[in-house]
Amino acid sequence: MLEYSLRFLAGGIAVSGFAALGDTLRPKSFAGLFGAAPSIALATLLITLSQKGAPFVALEGRSMIVGAFALALYSWTVCVLLKKFLLSSWAATMAALIVWFAVALGASTLFQLS
Amino acid sequence: MIVKFKPSALRQTHWYEYLVRFVLGGVMTVATGVIAARFGPVIGGLFLAFPAIFPASATLIEKHVRERKEKADLPGARRGKEAAALDAAGAVLGSFGLVAFGLVIWLVIVQSPASALILAASSWFVVAVLGWQVRRWL
Chain A
1 MLEYSLRFLA GGIAVSGFAA LGDTLRPKSF AGLFGAAPSI ALATLLITLS
51 QKGAPFVALE GRSMIVGAFA LALYSWTVCV LLKKFLLSSW AATMAALIVW
101 FAVALGASTL FQLS
Chain B
1001 MIVKFKPSAL RQTHWYEYLV RFVLGGVMTV ATGVIAARFG PVIGGLFLAF
1051 PAIFPASATL IEKHVRERKE KADLPGARRG KEAAALDAAG AVLGSFGLVA
1101 FGLVIWLVIV QSPASALILA ASSWFVVAVL GWQVRRWL
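If you're matching them up, the sequences are chains A and B in order.
Our numbering applies: residue 1 is where the first sequence begins, and numbers increase by one.
Our numbering applies: residue 1001 is where the second sequence begins, and numbers increase by one.
If you're looking for bench data, these hints aren't it; they were derived computationally from the structure.
Note that this is a predicted model, so its numbers are computed, not measured.
Heads up, a few of these hints could be off.
[Unchecked claim] Okay, the calculated beta carbon distance ranges per label pair:
id	chain 1	residue 1	chain 2	residue 2	range
1	B	1114	A	98	34 to 40 Å
2	B	1016	A	110	37 to 43 Å
3	A	105	B	1007	36 to 42 Å
4	B	1114	A	106	32 to 38 Å
5	B	1071	A	53	50 to 56 Å
6	A	1	B	1078	19 to 25 Å
7	A	109	B	1012	17 to 23 Å
8	B	1111	A	1	28 to 34 Å
9	A	55	B	1068	47 to 53 Å
10	A	5	B	1070	26 to 32 Å
11	A	102	B	1071	38 to 44 Å
[As the list claims (entries may be wrong)] Derived BS3-like pairs (lysine-lysine); straight-line CA-CA distance at most 30 Å:
id	chain 1	residue 1	chain 2	residue 2
12	B	1069	B	1006
13	B	1006	A	83
14	B	1004	A	83
15	A	83	B	1071
16	A	84	B	1063
17	A	28	B	1071
18	B	1006	A	28
19	B	1004	B	1063
20	A	83	B	1069
21	A	52	B	1071
22	B	1004	B	1071
23	A	28	A	84
24	B	1071	B	1006
25	A	28	B	1063
26	A	83	B	1063
27	A	84	B	1069
28	B	1069	A	28
29	A	83	A	28
30	A	84	B	1004
31	A	52	B	1004
32	B	1069	B	1004
33	B	1063	B	1006
Even for Gly, the Cβ is constructed at its ideal location relative to N, Cα and C.
Turn these sequences into a full structure, and let the hints guide you.
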């Protein structure tokens, strides 16, 4: 229970901290970099490292590469849905989740990461 | 185009919007831990790059820009969407920084855990900013 409380606190602080930093930066395209900041990774890897050890975290890092490519495609899809199809931000970001799941889970199965 | 730091922009965000981001970030971090414990590090690692608060952030950007434009009697709907699209374009480049982050963690953490985290965070920043700069040149 303590571990999950720590994770919640660390994740909340890291995510809202990076998001607030992004709010203060201009131009918007630069601020957007912080939309893909390693906030959850930084918050969670330290705790995982202390509990499960470095080899476990190394495997998470390897999978994260695949997840990050999926995030790049997700963000690009959101951009297209907003600019070309004029969807609302909420609709675009939720619809594009299909892309993230398809790429992340598809690629990890394809390359048999495990 | 020079990058500007504008702290006054923080006043545009309501307290409950900060709370939403905090709770979403916390919940997603807990969920990542649960997924890694249940399905192992291979699946758990994927979710370290999950767009957890992206929907909330993009919606906030669209709303803030739309409200600002409408206050000035300008059509805000399209400008709000364009601002959110620009943010998403930036996130594409930030994602390549995340690739570098994961690569460093994978290759360095077993040898040197403390320096791996610092090096990984620095790699994210350098790759993301370089990507942004290169995109401007093209």
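In rising order, the numbers of the hints this structure does not comply with = Hints 6, 7, 10, 21 and 31 not satisfied by this model.
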